[in-house]
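S.K.: Reminder that position 24 of the sequence shown reads as 12 in the numbering used here, one-by-one numbering, no gaps.
Because the hints were derived from the structure by calculation, they are not lab data. Incorrect hints may appear among the rest.
[Unchecked claim] Once the Cα atoms are required to be at most 20 Å apart in a straight line, the calculated DMTMM-like pairs of lysine to aspartate or glutamate come out as:
no., residue 1, residue 2
1, K181, D211
2, K181, E145
3, K56, E37
4, K181, E232
5, K56, E40
6, K181, E171
All of these numbers come straight from a predicted model, not from anything done at the bench.
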Amino acid sequence: MTDINRWLLPDGLEEALPDAARRLEDLRRRVLDQFDTWGYDLVMPPLAEYLESLLTGAGHALDLQTFKLTDQLTGRMMGVRADLTPQVARIDAHRLRVQGPNRLCYVGSTLRTRADEWSGSRSPLQAGAELFGHDGIDSDLEIIRLMLATLLICGAERPSMDLGHVGIYRALARDAGLDAAQEQDFFDQLQRKSVPEIEQTLAAWQASGMDPAACARLRALVDLNGDAGVLDEARRALAGAPGELAEALDHLQAVVARLEACEPELDLHLDLAELRGYAYHTGLVFAAFVPGSGQAIARGGRYNDIGRVFGRARAATGFSTDLRAFVRRRGGEPARQTVRAPAAGDAALEATIADLRARGMRVVRDLDGEDNESSAGARLEQHAGEWTVVEH
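With the sequences and hints as input, model every part of the structure.
M.R.: Right, here's the structure in full:
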């Protein structure tokens, strides 16, 4: 191995050099300030946990994304978090035990065995917010609007949004009598929008005795996408389905009406076969997109009962995004001005430097033996007994 190769980072893992690190930290602070103004309290879960905690409940879907290691103190298996959401749910249910709604937020590094689809990173800086303890349209709308406000801070000014509801597919799968394997296989086909494969599967199921009407409703899902009018089309195409499906459509219609009233400029798209996070979501699901990217830049949804395994079943909804990806997309920014200051001086010099730094200016002291003049854009100089900033 050469000296050059020895320092290569693994694919999908990255470091932030000074300019990017400063922009990333600035974005992190602004996002956290935004969360705070909405009433969300910051939590900081640990980087690693025992697997039985980390992969419990919602965490099961993250098993393949989780790096695993042995705790040298106990011999037990641990995992490095691939997603903070299950950890935050544990904190709400087991540690805080708040009665009623609880708003929590976070920003933290994650590590994944495979790269994120949008950012291409295996180490996203995940930022998100979760609202626990309320099951209804108000909390769904609050999380969606907070996501949109956060994306605006991140530089995504006019995102579009996909909206769906996993309860629709779950109701149709139960109505058709699908077993777990059939439900998963058909789910995979829906995500690929593989119409020939879907029709072949349904034809085989119908030939084996499945209700033709149930098969027809499953087939209709792949085409039920578009603007708000698709909900009326869905009521016709899915007529005869169980009552919980009608409840899901009613919920979607109410959310759309509220969004159209409070976010009239939002480009909203409905897709009843949109099932991101199907393994742990229980209701409304949503994802935000920007032009030129086929992958979601933020996503979220409802995942009720997440805290049951930690002793308290709690309604929950939330969203997350990767801050690193926004910094990477936005590119560089003008360098901050640096003021050079002498290495030594009187008390007045020290007071002037302290004042400049308190006002947010970048002050660098000269070092003996170095060419301090070559990098000077502005300098602190003494004139008539006063230390002032002089441009060069």
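S.K.: What are the numbers of the hints the structure violates, in ascending order?
M.R.: 2 and 4
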